[in-house]
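These protein sequence lines are chains F and A, in that order.
So the working numbering is basically just the index in the first sequence, starting at one, shifted up by 19.
So the working numbering is basically just the index in the second sequence, starting at one, shifted up by 19.
Among the hints, erroneous ones may be present.
Which copy? The list can't say, so a pair holds if one copy fits it or any two copies do.
[Unchecked claim] 25 angstroms max Cα-Cα, derived DSS-like pairs, lysine-lysine:
1) Lys195 x Lys113
2) Lys232 x Lys108
3) Lys232 x Lys129
4) Lys205 x Lys129
Keep in mind the hints are simulated off the structure, nothing from the lab.
The model shown is predicted, which means the values in this text are computed figures rather than measured ones.
2 protein chains.
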Amino acid sequence: MSEQKTVTACLIIIGNEILSGRTRDANLQFLGENLNKLGIRMMEARVIADVEETIIACVNDARARFDYVFTTGGIGPTHDDITSACVAKAFGRKLIRHPDAEALLLSHYKPEDVTEARMKMADVAEDSILLENPVSRAPGFQVENVFVLPGVPRIMQAMFDLFKHRLVGGAEMLSKSIASYTPEGKMAARLTALQDSHPDLEIGSYPFSRDGKHGSTIVIRGTDAAEIDRAAETLRGIMRDFGNEPQEVDL
Amino acid sequence: MSEQKTVTACLIIIGNEILSGRTRDANLQFLGENLNKLGIRMMEARVIADVEETIIACVNDARARFDYVFTTGGIGPTHDDITSACVAKAFGRKLIRHPDAEALLLSHYKPEDVTEARMKMADVAEDSILLENPVSRAPGFQVENVFVLPGVPRIMQAMFDLFKHRLVGGAEMLSKSIASYTPEGKMAARLTALQDSHPDLEIGSYPFSRDGKHGSTIVIRGTDAAEIDRAAETLRGIMRDFGNEPQEVDL
């Protein structure tokens, strides 16, 4: 059993447009996968409305419970972009115009395009670290364990790639996925026994149907590659016992 | 101003596979849109892991704060499907094998395909209402204001269509979306003034770029169609003031 502490993360997705169904979130999947590669485990994601009290409460809850917190959305120039101010309030810090961010925006926009609304994107919680935005310049910021990022996936991802080396993870979560045309309900008892004999692994079962045939993909996750291999070998045997050939899959 | 109470909902998405990035959730967008048509407002969504204490705490928090709670995921036949048992515990009720669900499953599976694991899908919280599953038979259930649904989008959606007439909504949230090639940062001050003069409406601004040109879509939401029309007319004028032709869009 690995003695290494699990490093955890929470994503707070801020935006009425996600809750109304107008926009489909793409940031959870990206962060879930990419944090995992760094040995950081996404434990929870919350999608919340553009409401000050909700954002403040959610940030304060999450930063106490998880090692890292990421927020996406609500850091643009318009009246509905209230995330930066709310994060500052959550920390009891002043919202200040960061001189480096201000200089960056002033050099990015033509003088006639500078508006007070755009300059608002230089406002961050006091004593925070700017997060570089290589796409559209307006930075995000980090305050303690909270990373404040934009909602546009392309921009968020480009920013993440620039600061991810500063995140400190634990053991990487490894996984192996094995599929067969054995429906999960048929081999469930064997899967339970497999899980019970590998308490340090997480064994998940996901049904699928393809060409009218039902099957399931079994995902084995853990930090110990050798133990995953042992469980996978047993699993292949279970699938063959049901007359189906196991196949290793990417997902 | 509408005096009608806002009817609220929360979605709890249960599943390690969503948090790890393996599977991209599709249920939030479907429920957000379809509840909205019924006059029910999705206020929050939480994606949580397959962990008993987490599920129980989250269900109890949500059912106290929102009119309707929907859970998706974790009601299949395998060891990692713990949602039904957790919901029963959250309500302090026994988990019982529902006779109608049992009969349904026994008639659905060939005798040689009946397993105890599959019959577990007939276990629901005591005194709950079964939710019909027209696709794969295994039902969901409703206990008080909590609806327990499967994670597979196709099945969840088919079930939702069968019980949605029983949900009682408030005023439908109407919306109008108007796009132009005016970047949001240029007209932000005017948008703030527009929002201030229509406090009962929600005005959201969403940037886009197309063919290398930046623009923004402004979404006006509210329950009063006439007021939305008035705000939209003002908005068109603002966009024209910036030299861009407004265009009504579907999203």
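Quiz item: Can you tell me if Lys232 and Lys129 fall within 25 angstroms by alpha carbon in one copy, between copies, both or neither?
Solution: between (60 angstroms within a copy, 16 angstroms between copies)
Quiz item: From the Cα coordinates, with 25 angstroms as the cut-off, is the pair Lys195 and Lys113 best called within, between, both, or neither?
Solution: neither (47 angstroms within a copy, 36 angstroms between copies)
Quiz item: For the identical chains here, do Lys205 and Lys129 meet the 25 angstroms Cα criterion within one copy, between copies, both, or neither?
Solution: Between copies only: 12 angstroms across chains, 66 angstroms inside a chain, cut-off 25 angstroms.
Self-check item: Alpha-carbon proximity context of Lys232 and Lys108, limit 25 angstroms
Solution: Classified as neither; 54 angstroms inside a copy, 35 angstroms across copies.
The structure is inconsistent with the numbered hints 1 and 2, although it conforms to all the rest.
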